[in-house]
Structures are given as C-alpha cells and as structure tokens.
Amino acid sequence: MRRTLQSNEDLDTIMLSLTTPLLIILALAVIGFFLAKSRALQVAGGDIRGLVSLPSQHALNTVLATIVPPLAAIFLISLYVRITDGTGSWFFTLVVIGLAVTGLALSLISIKQESRARTYAERWILGLLIFASTIAIMTTVGIVFSMLFETFNFFGQYDWRDFFLSTNWSPNFRGNSDLGIIPLLWGTLYISFIALAFAVPIGLFAAIYLSEYAGPRMRSIAKPAIEVLAGIPTIVYGLFALITVGPFLRDYFASPMGFGESASSVMTAGLVMGVMLIPFVSSLSDDIINAVPQAMRDGSLGLGATKSETIRQVVVPAALPGIVGAILLAASRAIGETMIVVLGAGAAARLSLNPFEAMTTVTVKIVSQLTGDTDFASPETLVAFALGLTLFVITLGLNVFALYIVRKYREQYE
Amino acid sequence: MKTSLLKLDTRTKKRNAAEARFKAYGLTAIIIAMLALLILLTSVLGNGLSSFRQTFITLNVELVEDKLDKSGVRDLEVMSKVTTISYAPLLRDALIAELDERGIENPLSNRDLGDMISKEAAATVRNRVLANLDLVGQTITFDVLASGRIDAFFKGDVTMESAVLDSNTSPEALTIAQQLADVGVIETKFNWNFFVWPDASVQRPEAAGLGVAILGSLYMMIVVLVLALPIGVASSIYLEEFAPKNRWTDLIEVNISNLAAVPSIVYGILGLAIFINFMEFNQSSPLVGGLVLTLMTLPTIIISTRAALKSVPPSIRDAALGVGASKMQSVFHHVLPLAAPGILTGTIIGLAQALGETAPLLLIGMVAFVREYPAAYTPEAGLFGEASTALPVQVFNWTQRSDPAFVERASGAIITLLVFLLIMNAVAIYLRRRFERRW
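Going down the list, the protein sequences come from chains A and B. Residue numbering for the first sequence follows the numbering used here, starting at 333 and increasing by one per position. Residue numbering for the second sequence follows the numbering used here, starting at 4 and increasing by one per position.
Careful: at least some of the hints might be erroneous.
Dumping the calculated SDA-like pairs for lysine to any residue here, alpha-carbon to alpha-carbon at most 20 Å [said to hold, decoys possible]:
1. B:Lys-26 with A:Val-384
2. B:Lys-17 with A:Phe-463
3. A:Lys-639 with B:Arg-24
4. B:Lys-17 with A:Ser-447
5. B:Lys-26 with A:Arg-644
6. B:Lys-26 with A:Ser-388
7. A:Lys-555 with B:Arg-14
8. A:Lys-639 with B:Val-257
9. B:Lys-26 with A:Asp-630
10. A:Lys-740 with B:Arg-24
11. A:Lys-555 with B:Val-67
12. B:Lys-330 with A:Ser-447
13. B:Lys-17 with A:Ser-710
14. B:Lys-330 with A:Lys-740
15. B:Lys-26 with B:Thr-45
16. A:Lys-740 with B:Leu-254
17. B:Lys-330 with A:Thr-451
18. B:Lys-330 with A:Val-384
19. B:Lys-330 with A:Lys-639
Hint data in this document are derived by calculation from the structure and do not stem from the laboratory. Just so you know, these numbers come straight off a predicted model, no measurement behind them.
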C-alpha cells in the first residue's frame, strides 16, 4: 500500500484499506480481552479476592484501550486527509495499528493487584459519551460552515446588494441571471401568512375546547386524531395539494371568480400547510393552557364570570406569551416547509397580491437549483447556499425567540 | 308552560348566548381539523387503492423460431442480441389470433392493436425466453401487462368519452378490451409486483413498481438505526447523568433544541456540501441518505431518551451506588434497562419521521431514475454505496411525470408509506403500553 493520496479515488482506497486495519484492531481487542483476564488472575495468584478490580473490568479496560485511540486517530486523520489531500496511506495504517498495539501493551502491563481497572475503563467510556454529545455541536458547525463557505463564494461572483434588493428572479444557466431574493421571500411569507391565518384560529380554538370544555371521552378521541396530522409526512400533504386541493380551488373558486387558471397557487399551498400546522399550534397551546393554575380560573368563575369570559379574560391573557411562542414555532415550520410548496405553490417567482396565482418560495428554489445537473462554480447553483443560509438564519431567529418566550413564561407559574 | 320562576334579564341572556357561541367555535375548530384529516385520507386512499390492482392479458404466444433464433443453434449470446422489437409482433399476433378465435370484431390497425399491450410485456417474454432457451418454437401461455390506458379503463379512469380525445387509445380499442374481459382473457387482479418491480420509464406507468424505493428506504433505516440509536443514547446519558452544569453543557442543550427545529432542507444542503462535495461519497447512495437522516433524527432521539432517563427515579441510582456500584455501573446496569422501553419508543418515532422525509433526499441526488436493485455491499461502491431511491422520493418523482397513470401510482406509494408508518407507530404505542412503568 505504498502510494500517496492524490485524488478522489484515493479516498476510496483509504476507505477500503481501512478494512484491514480495522480487522487487525478488532482481533487485537479480542486477544487483549482474554490476555487481560488471565493476566489479572495470574497477578492475583488465582484468587480473585486479591484484586481491587474484577478480571472482567481489567479485560474491559484493555479492550477499550486497544480500540478507542486508533478509532479516534482514524476519525481525525480522515478529516485531515480530506483537507490536505495528501498523506501516505501506509503511514496512516502504521499509526493506527501502532496505537492499538501500544494501548494493548500499556494496559496489559498496568494490570496489578491494586490497579483500579474499573475507574480506568469508565474514563474511556466517559470519553466516548462526551464525544457522542458533541456531535450535535458538530452538526451545527457543519451546517453553518458548509453554507457560509459557499455563500462567500457566491457573493464573490454576485453582488450581495443585488441578491438582497433586486425584485427579479430569473436564473439563466448561460450566465447573466437576476437572482433577487425578494420575490422568493414574498412567496414564502405570503404562503406562511395564509397557513397561519388558517391554522392559528383553528388550532387555538381546538386547544381551548379540548382543555376547557371537552370531557375525557371526547379528549381521548380528538386529541390523538389531531396529532395524527402531525405524524403524516409532508410529501403526503404535497400530493394532497397537487391532486385534490389545487384542482378543487381552481375549478370552484379561482376560475369562476376570474382570479386565474392555475391549480398550484399560494392559496393551495397555504391551506394545505395550514392543515399541517394545526397540531403544532393546538398541542403546544394545549400544554400552555393546562399550565395556567386552576386557582386563576376558580377566582374568575367565583366572581360570576361565565366560562367563556374566564377563558377570554383570564386564561388566554395568562397563557398569551406561551401561545405567541407556539405561533412563532409554527411560523418557523411554515417558512422552512418544502414538499408542500414544491408540489402546491408552483415555480414562477412573482410579486403579486393575488392568492390564486402560482408563486414560489425560498425552499422551492433551493430544491430546483440543487437538483439535476449542477455546476458548483456558477452563481446559479451557489445561490442555493445563500438562500439556505438566509432560511437558516430566519428560522433560527424565530426558534430562539420562541423558546425564550416559552421558557420565560413557564417559569412564571412554576 | 314555565317551570322556573327565574327570569333571565337581557344581559344574562346575551352572556349565555356568547358562551354558547364560544363553545360552538371550539367544537367547529375540532370538527374542521378532523374533517381535514378525513378528506386527506379519503383523497389519498381513493386515488391510490386502484394501483394495487393491475390489468393483465392472457395470451398464447407462439415463439416463432425464425424471429427469435434464425441460426437455430439456441446460443444464448446470439439470442440476447434479439431485442424486444422482435418480440412485440409475436405478442400482437397472439392477440390477433385470440380475437379471431373468439370472433371479436377488430377494426384497429395492427399498430393500434399492439398498443393495447404494455411495452413492458415484450421484455417480460424476452426474459422468460432467455432464461429457458428451449421455449423457442413452442406456444406458451403468458400473463402479460395490458397498456396503461386499458388498465385505467378497467379502473374507471379512462372512459369512452375521454378516449376519443386521447392519442394513446381509442373507443374501438376499449370495446375490444371490454369484450376480451367478458370472456376472461383480460383480467384485473391484485398486483404483488407493485411492491417488487423497479421504477419504469415514462411510457410504461403500468410496469412501475416500488421495489428499488422500498429497498433504498430499508437501507437508510438500517443506517439511521445503527448510527442514531447508539449516538443518541450515549449523548443523552452524558447530558442527563454525568454532565456538570456549566456553559458548555448549556450550549449543547440549546443546540439540540434548536437543531430539532431546523428545516429539513437545510440538512439536505449540509449533506450535499459535507458528505458529497467534501467527503465525496457516492451521490444518491443510501449511505449518504442515511447519514443525513441520522443527523436529522438525532435531536428527536436525544430528547425522548432524556425524558425516559429522567423518569427513572433517583432511588434506583442511590440503591445501586449504595451497594458499591460506580456511577457508570449504576447507569448501565440499572437506569438504562429501566429506561429502555421509553428509548425504544422514541427511536421508532424518530425512524418513522426519517422514513417519511423527502426534502433533504432530493438534494443529495436521490431523485435519479434507478432501475437496478442496489446491493448492500459492493467492492466498488462500498457499504450501501449504490445509487438508490427512497419511498417518499419515488412519490415525488411520479408526481413530476405527465402521464396521469403515475398519479395513481404515487398515491399507491403513499398508501404503502403510510402503512409502514402506521405499523411503526403501532409498535411504538404497544411498547409504551406494555412496558411503561409508573413509579
């Protein structure tokens, strides 16, 4: 395996050449397991009462000491190789196996009567647990960096002022495209607004009815039924918009009223997305309404208010921050939703007020710019990363704000 | 006749009416939500159930030696050069013979008659012949696919009126089909192959199946399960049982709750930039799809695992520590097994979420047209490295084709997907009911 890594094929060779070292490491670990066990017994003179840690704990320590360092090395080196594109693969194999052998030898040598193998083994495990929990951080870093990097590339080729301020979106794969985000943002916000206008009243009233009026039987049927809506994949909603809602709206509303002849429209996508958002609004609001202390209701009812007056004047105002948080979370869902708008809203970037016209969104354009033949040097492809970053920043802002509100509110009554 | 002496004044009446109205609003909201669910399900079921049935024509095909094996040596290599173009006339002749024998009038040209049989049928016959060369020269009975329009006619989607305007069929062809169906030559029956066949080209919706998509989804679920479960459980154990309260762990926690709300398409961009452009894994491979879905489901699994760990009472930990277990032993020997049902439930729900996810898979190239069943491992492509598609992506693909028969297929694929989700959620609910412990 004496060769240098130059191109992409070499990554595959690493991946393949990984198999052998991994098998060697595994074999070393198995050998280590039995060696450590017998050595521990031997050190104790056959009487395990003489040991501070059990033989199995010595064995576990040896196995972990053999496996963890080389695996960490593989992880780090494979990142490094990707970045620099050039280290000897034989060197890499040597380091990995060397680490395994060293770990094995050191842990075997350290087996003594009074050595605390349990503590050592647990340190390895703790290290693995910590590593696992940093993956969440690495994901975020990965998301941000992958998009930032390409977005910088994009703004190197296309003026950022045009991107944020131009009202024209017409990509042209021969160059000279207009890539203004404003019509896309307009479509996104318009559709989200319709979706929320549909979902918020229904979700809120459903939550109020379920938590304040409904009996246990009604609750046990209606609550799961509404939550089923949350479990349905968005592609199903998309298909529903495409084959049922779109043609229905066109034939019975848009066409007779002269609003247009398009089945895919802002209204189609907005209504279907509204259905999808009902459970988000209702289950979050339900939790929040239930968290309002009963004493507040009793006080109001005791003064002679009817139930609806209590809800309107006491419960809802008390729960308002939480409800606002729930609505913001739903809004962030709506803005980031992809499949419903891909199938229901259309592909034409347009700045119009007519809800029965086809418009498009940020997510639709990310999909259309990144599927099919893509050239990662052209601004027409790279714009998708700038769109993605914009989307990420908007939804992240909404989420952070919403979580802040919800958390702050919860503390009030606890 | 009045039974009560109490007289309500106008204001009270007004307030009571407002109360009734308010209650009615709530009830209406619930009814609208339930109605939406009902309409959604009936629309999908109504459109899709017919895709599980398929129209077949039973034909006695004479496998003429002149056409299929001119040399007469029955050499596989020579015979595999004979394309489906040579097989199609045989099927058409068999159909003509069938019509003559039954005394059915045939006003159609040979070409139009041939169009009643699916283009896939010739390939089916060819494969049968190549698998068994001795069939040449004999007359064999085949159950071949009828064309998409004929199929749609028996499902009620194509009518005599619509056929007049249709360039792919004619009322005469439908009349012949109806007569053949009356004598049992054409039959519409349950089609298992819908779940087995791979996708088919735009001209032959009747032959399109979900085989590759189901396999691809299965591979991705394996990747997600193998990666997300251990990583998710490990990081929840650390955060819930070991992590000190400091800025770093706070950061991780905020991070996880935010990741749970990141739009799924952003994960697709991540997958494209990191796994495909940077690490150069194969496009449209289940491996990349699985990795992206793993990152996407991790927050769900972590959140539910932490809830499960939290619900185990501290007395269990204290008892274990009291008899000399280390912290790690108390967690792995006692807390984790007790939390297992909750963790499992959360994992299944996370998997169900991943199974239905479409948007990120579009970006990593899973929209490609794939007819080959992907192998789990090949030396060239590595583990789960062969191009594949997935169930929800297949639905999207079919909606993008112009032939209306693909809409039926897409709805059928959705039903299949929903059945899988239903099973997974039912298992999760069962596990929760069966093993959940209240302390």
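Hints, verified against the model:
1. B:Lys-26 with A:Val-384: Measuring from Cα to Cα gives roughly 70 Å; hence the hint is violated.
2. B:Lys-17 with A:Phe-463: Not OK: Lys-17 of chain B and Phe-463 of chain A at ~64 Å, beyond 20 Å, violated.
3. A:Lys-639 with B:Arg-24: Roughly 12 Å separates the two Cα atoms, so the pair holds.
4. B:Lys-17 with A:Ser-447: violated, 83 Å
5. B:Lys-26 with A:Arg-644: Given that 20 Å is the threshold and the Cα spacing comes to 12 Å, the pair holds.
6. B:Lys-26 with A:Ser-388: violated, 66 Å
7. A:Lys-555 with B:Arg-14: violated, 35 Å
8. A:Lys-639 with B:Val-257: Not satisfied, since the Cα-Cα distance of roughly 38 Å exceeds 20 Å.
9. B:Lys-26 with A:Asp-630: holds, 19 Å
10. A:Lys-740 with B:Arg-24: Since the Cα atoms of Lys-740 of chain A and Arg-24 of chain B sit roughly 33 Å apart, the hinted pair is violated (cutoff 20 Å).
11. A:Lys-555 with B:Val-67: violated, 65 Å
12. B:Lys-330 with A:Ser-447: Cα-Cα ~18 Å, so holds.
13. B:Lys-17 with A:Ser-710: Roughly 67 Å between the alpha carbons, so the hint for Lys-17 of chain B and Ser-710 of chain A is violated.
14. B:Lys-330 with A:Lys-740: Violated, at about 33 Å.
15. B:Lys-26 with B:Thr-45: violated, 28 Å
16. A:Lys-740 with B:Leu-254: holds, 18 Å
17. B:Lys-330 with A:Thr-451: holds, 10 Å
18. B:Lys-330 with A:Val-384: OK: Lys-330 of chain B and Val-384 of chain A at ~17 Å, within 20 Å.
19. B:Lys-330 with A:Lys-639: Distance ~52 Å between Lys-330 of chain B and Lys-639 of chain A Cα, so the pair is violated.
Violated hints for the displayed structure, listed by number in ascending order: 1, 2, 4, 6, 7, 8, 10, 11, 13, 14, 15, 19.
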